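A.B. asks: Chain residues, written in single-letter form:
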Amino acid sequence: MILLAFVLVALLTLLGIGISSTHGRMNTACILHAFLYILLAGYVLLFQQVPVSSFLIGSQFFFMDHFGLYEVLIASVIFTCAAVYARGYVESLLGSRELEKGSLRLFYASWTLLLFVLVLAFFSDNLALFWIFAELTTILSAMLVAILSARENIDAAIKYIFIASASMLFSFVGLIFLFETSRTVLGAGTLNWTVLMQHATAFPAGMMVAAFALVFIGFAAKSGIFPFHTWLPEAHAKAPSAVSAVLSAVLLNVGMYGIIRVWAIVHQTPAAATIALVMGLFGFFTVGIAAFSMLPQKNIKKMIAFSSVENMGFLLIGTAVSTPVAIFWVIFHIMAHAFTKAGLFFSAGILHRQYRSRLASDAVDDIRDVFQYQPFAAWGIIIGGLAIIGTPFFPAFFSEVFILIQLGGVSLPALLLLLALLFIAAASLGYFVMTSFSRVSAPGTPMEIEPYATPLTMKIPVLFLLALIICLGILFTGQEISFFDQIVRELMFA
Amino acid sequence: MIDTAILQGIVKILFVCVIITAAYIITTRNLLSLVSVYALQSLTLAFLALALWFLESDPVLLAIAGITVVSKVLLIPYFIATVQERIRIKRDIEFHFISPTSSLIVSMALMLVVYIALTRILRGTPARDNLFFFGAVLGISLMLMGMMVMLSRKRAITKVLGFLSMENGVLLFGMFVTELPFIIEFLIIIDLIILVLLTTILTIGIDSTLEDYQKRLHRFHLWEGPGEGP
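Heads up: the protein sequence lines correspond to chains Y and V, in order. Here the first sequence stands for residues 0 to 493, where the numbers follow numbering that gives the first Met the number 0. Here the second sequence stands for residues 0 to 229, where the numbers follow numbering that gives the first Met the number 0.
Don't read these hints as lab results, they were simulated from the structure. Because the structure is a prediction, the values reported are computed rather than measured. Accuracy of the hints is not assured; some may be wrong.
[To be verified] On the chain Y side, residues computed to face chain V include the following (Cβ under 8 angstroms):
#1 I138
#2 I153
#3 M206
#4 G429
[Stated by the list, open to error] One side only, chain V facing chain Y, incomplete, derived with CB under 7 angstroms:
#5 I5
#6 I9
#7 P99
#8 I120
#9 R154
#10 T177
#11 L186
#12 D190
#13 L194
#14 T198
#15 L201
By construction, the Cβ of each residue, glycine as well, lies at the ideal position given by its N, Cα and C atoms.
Please build the complete structure, drawing on both the sequences and the hints.
C.D. replies: Here it is as structure tokens:
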């Protein structure tokens, strides 16, 4: 029944956006929407018997287990922050006429629908249903990228749609293979994840390799894994920053979520060893490409976007290792990456507002006197940057260390290679931040540009997320551990 | 009931029609006929579903034929044709990477590869007759050919047609390999329609020869290049 509450909230929000006439009201509706989702997901987690099975009796289309709830919680937190942030940010876009007033309703409607569809995707038991919702998230988020209706944005959105959707078609063929396998083995075909999990050990290896390879193509494209990552930096860099944060922190998770779910099935079959190797290789290529693309990068949002590619590659390597500990930390890293990355994009958005005439999304950034103009955003980038490269006592540090240790158990050269690549990525991020933030005009020269008065609503989400990641890094309660253990058990890696 | 042998003959003829339409989509430079050929291809698929329905009498196939006709023979081609009129492009003569002739040769090679790969993969599943196996091979090949269209064409609107042709391949494959629940097929069509709506509206922006579009862009800070516009 609880799923109906999610549907109802989304419908009410859409209605609210439909009847409200001002930007403030539409924005408030979106904030409330995401916040209510946090409450709902929290309620299910604390007071209900998880996994909750579907309310549609007899046809298992939806279910809620710990993993799905976890992803929904991350998504709702990010969306709440991003909606608060959008209040100031979109206002400023309207002010500079980069966003037309007429598109406002479309923007917030897509925003609401995106969160709604994401939640449905994470609660889908049927893999084909998950596929459809994942596909819809592509379309809706591409709409949010294209909303600025500058040619560049449309280019990026079209590229995103074509690469992601065409790859997702391969995924669908993979799902058909999976369906056919289950029909051969079980008698009646099914794509229900829970059923497939129960019978996975009986599936033949050859079919499984083919099915996983095809499914992997689509979900890899969605999460920006090499060689399908090409859409990602452009879409993330050109989207409005509130949208970039959502794209990077939530939408990439959809692909990862799909890969982990299907991997949980395939992991139990004899095909596991082959596929783990292939996945690991793709992970290494992804991290490598991202690290070396970050090296010469001169654009702050592209830099952060490539860092997302790097983190997705890292997650893929962790998934390929697939020991219980590795999976535990992969799942933790999803959260660490999401919160940190959203904070980074928010800070970058403030800088983008400040230097917008100079920050064309392809051009070299010309950030000057940043501590004079935007000290808050500068510190946001510095602390967020430290967190994302895995400085000790930030959450990403723990997940990276433990995944690296687990990788070392599999192969020592791989561990060293990954360490080197992570170091290159971290160094290039650090170098970029140091050079661009230390660039100052000669003393005595008058200020060339107006300082952008950052509204409070754009600062609060950054502060909140920074506080959150610091807390997550320092506090690690027993409940948290048992929660993650529960996810690993439900995915049958332990 | 119609005789099974005749039906199988019909299915084979329809297979040939699918290949012809796919080859045409790869090679043609005329945008208007591209859309009608796509509609024809979808119609062929609808007939295939009908023929399969006579063979297997599974009501899902009938429903698939129905929604295919409504969405892919009527709705989507009509919409794309309207958009094409708006952007006033009739021909797409630019190709990336490979020319039409070589892409035809490549697609023949692809079919062979798909045939060999599927023979190996489907070995474990219960023996189906040749017809179903060929349907599967053709489905995947159609999909790969659609992907080649997406790769080799420059115009976004042609890429949309390549994508649609890919999706037809998936439908064909799904029809012959297994029977999916109808609700899934239906949702895919909905998804497809939204996707086509969005991409074609966006392509008006990219492929457009209208000047006002370019003028609007100059207002934004995001695009300040000189008039090297669309």
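A.B. asks: Are the hints correct? Go through all of them and say.
C.D. replies: Each hint, compared with the structure:
no., hint, in the structure
1, I138, "holds (6 angstroms)"
2, I153, "holds (4 angstroms)"
3, M206, "holds (6 angstroms)"
4, G429, "violated (28 angstroms)"
5, I5, "violated (28 angstroms)"
6, I9, "violated (24 angstroms)"
7, P99, "violated (20 angstroms)"
8, I120, "holds (5 angstroms)"
9, R154, "violated (11 angstroms)"
10, T177, "holds (5 angstroms)"
11, L186, "holds (5 angstroms)"
12, D190, "holds (5 angstroms)"
13, L194, "holds (6 angstroms)"
14, T198, "holds (6 angstroms)"
15, L201, "holds (5 angstroms)"
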